[in-house]
Amino acid sequence: MTVTKEEPFDAVVVGSGAGGGFAAMALAEAGMRVLLLERGRRFEPGRDFPMNHPDWELRPRAFRGTETATGDVSLQLEEGAPLDPRYGHLRSTDLPGTAHNGGSRRGPFRYDRVFGLGGTTLHYQGEAHRFPEHAFRPASRSGLGVDWPLGYADLARYYDRAEHILGVAGDPANPFKPARGPFPTPAHRLSYASQRVARGAKKLGWALLPNSLALPTRSVDGRSSCQRSGGCVQGCIFGAKSSVDLTAIRRGERTGRLRVQTDSRALAMEMGQDGRVGAVIYRRANGVYRVRARAIVLAMGAVETPRLLLASRSASQPNGIANGSGLVGRYLMETLLVELAVRFDDRIDAYRGPPIDSRIWDFSLPSVNGSVRSGYVLGVSGTAGGFHGPMSYALQMPGLGRAHKEAMRAQFGTVLTLIGIAEQEPRAGNRLTLAESMDPDGIPLARIASSLSELDLLALDAMLMRLKELATASGAVEVLRQITTYDTPAASHIGGTCRMGRQPRDSVVTPFGRSHDVPNLFITDASVLPGQGAGDSPSLTIQALALRTAEHIVTLARRREL
Amino acid sequence: MFTLRAGRRAFLGSVLWASLVLRRSNPVFAQSAIVGPLDPSSLGTLEAVVDAIVPRDRDPGALDAGVPARIFAHLSTHPEALRLYRVGLELVDRLAHQAGASSFRALDGPERERILSSLASGPDSARQPGGEFLARVRRDVLAFYWASEVGQRIVGYRPPLSGYPDYADPPSGAGSPQR
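Protein chains in written order, with our numbering: chain V, 1 to 562; chain B, 1001 to 1179.
Calculated from the structure, these hints are not laboratory results. Note that the structure is a prediction, hence the values are computed from the model and not measured. Mixed in with the good hints, there may be bad ones.
[What the hints assert, rightly or not] The following label-pair restraints were derived from C-beta to C-beta distances: (1) R41(V) <-> R1158(B): 56 to 66 Å; (2) H1097(B) <-> G442(V): 55 to 65 Å; (3) H1097(B) <-> A81(V): 50 to 60 Å; (4) V1087(B) <-> G442(V): 40 to 50 Å; (5) R1158(B) <-> P175(V): 34 to 44 Å; (6) R64(V) <-> R1114(B): 34 to 44 Å; (7) R1158(B) <-> P182(V): 27 to 37 Å; (8) Q503(V) <-> S1162(B): 53 to 63 Å; (9) A1099(B) <-> A403(V): 12 to 22 Å; (10) R1058(B) <-> G205(V): 41 to 51 Å; (11) R41(V) <-> D1039(B): 36 to 46 Å; (12) S104(V) <-> R1158(B): 44 to 54 Å; (13) R1114(B) <-> A173(V): 55 to 65 Å.
[To be verified] Residues on chain V that point at chain B, a partial pick, calculated with CB under 7 Å: (14) E57; (15) G222; (16) R223; (17) Q227; (18) S229; (19) V233; (20) L395; (21) K405; (22) F412.
All C-beta atoms in this analysis are idealised placements derived from N, C-alpha and C, irrespective of residue type, glycine included.
From just these sequences and the hints, can you work out the full model?
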């Protein structure tokens, strides 16, 4: 194999999602010459995304084939952990009692991600949450999880900066969040779906509040404001959604110091004699390249980052790079999720507006009282569960002929989905390891073992109970579908496989994202998260941490400590 | 009761399928102009099947929306689907004969629906050719019809070509927009 040597850079960032894109931008803006490697391609909203066509439901999603475990060959899907029969009521079902998973074990691990410039922010729904203060101290406050090696105050100014880059829309009057000033753009009006559920929440004494979203309500940085098309997951045709390719990476490219290289997959890291990463080896269509840099930043997500670290083992690093603790791959957290698709007697047209524009944080403070657990958030989704346009409704309704057509006339637009998301208890036994089989590039597949603890099951149980209360109070007449991670794993908010901490024995990276073992290696993705923010979405925290890590790298470089 | 057929994964699968059958280079063309993989008799049966799945009633049906042409275009380039369709169309004609009719086309709407529905009955029907055909043709017809402007208009759906920025046309029971 011929390997072409590249000119060295000050920093190489591998992965262009929430963390990688922000780190690359911050390093370039600070004056460093940066190479950003992205495995997928660059997407152009006006050209690639389908929702400006009347028959958009028939058109391919631009990210097809890159989104899930079934769309790539990274994961070796394994038989799931046994189901706990005490919690059989948590089974995922369609009425009338049709089980999604009729077996005695959890279904295979499913990984939601996108290969493309911007990473998974290309198909995320724009949730931009600051984790609440208590989420950084879960062990001290409630005996759950582990305390972070930093607190909200350490991240506040980075949250500020990330929100301004994204043009986050929100309402600062949220009693469940730290006090703050105005958001960069005002909150969205509640969608019809959220307006309906707000009535139910009010009856229950819960506060349904506008979600904070990276969907600006005013033009930011020359981009369109959000047009509330509901098409965040398909890709925003207006370029309004603040995916990282259109925000941080675009800013970084403007400096002239950020070179973005798409269709470039990192294959391995080479260790130097000095205990530092000497080079990154990566593949393009026309060959294999080797590039050196003073700082290497990994940001491929909570599966690919530990996978590359473990796969880059050598005689001097037999357990993989940065794995002196033996914790690379451990403490994997999936997404504890409950979804209830519910039907109303009248039209809601939930497909209009941002897909997930409201949240209920009343139960976000983690606690366990007997068999009742809190530490989760609830929300409303207009399009989750595949209820979007007429085609998706029609394909999910049973039967055919006159009755089917009549049902479509009567029931189209009457469905919304209530969701609950909790933090999973981080446990060392939930982990990613390498399989013996390899992908076409010769990298071992990731093998994931993940099970639910009693605390996890209690969280699912509590969320299901609350969502049913909310559905009833809101006037829903029927639960069409119940999806839970009891038997159907989800991993949209996966994290924790290279956790941060102060001590090398119990963590992989420092609070600044720097490897304890390899001084020029940094990680800025969800793998560093010690927890999941009590159910909040992690992207903004990943971005804030990336800005903080980048600042640290610049400081080290200026002190000549890299 | 609105009973669901499949979960989210199945839905995503259906979207992937839909992307495969979309023929960007083939605009909906007149059925009379079709020269394709089915003989005239089978084409007639296909049109009857399509009409049974989304019949014309007070609103236009799948024939009015040009669905057979879309299916035909797809079958022209997908030999595996074509094989399944041929088997299925022969089967429904045979079942029509057994019911005393000269062909599936000769049946009235309710009888057509009954025969099609019978393909999905019985254990393991989904793996039988009849069950496979029904699942496929049902999916094809529903997708092409309800993704068309004809189908969208019937349920009052306005695609998000320019988004929904103004919150115009609030649905029944919606409150006034609030912050």
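Could you tell me which of the numbered hints above are not met by this structure, giving the numbers in increasing order?
-> 1, 15, 16, 19
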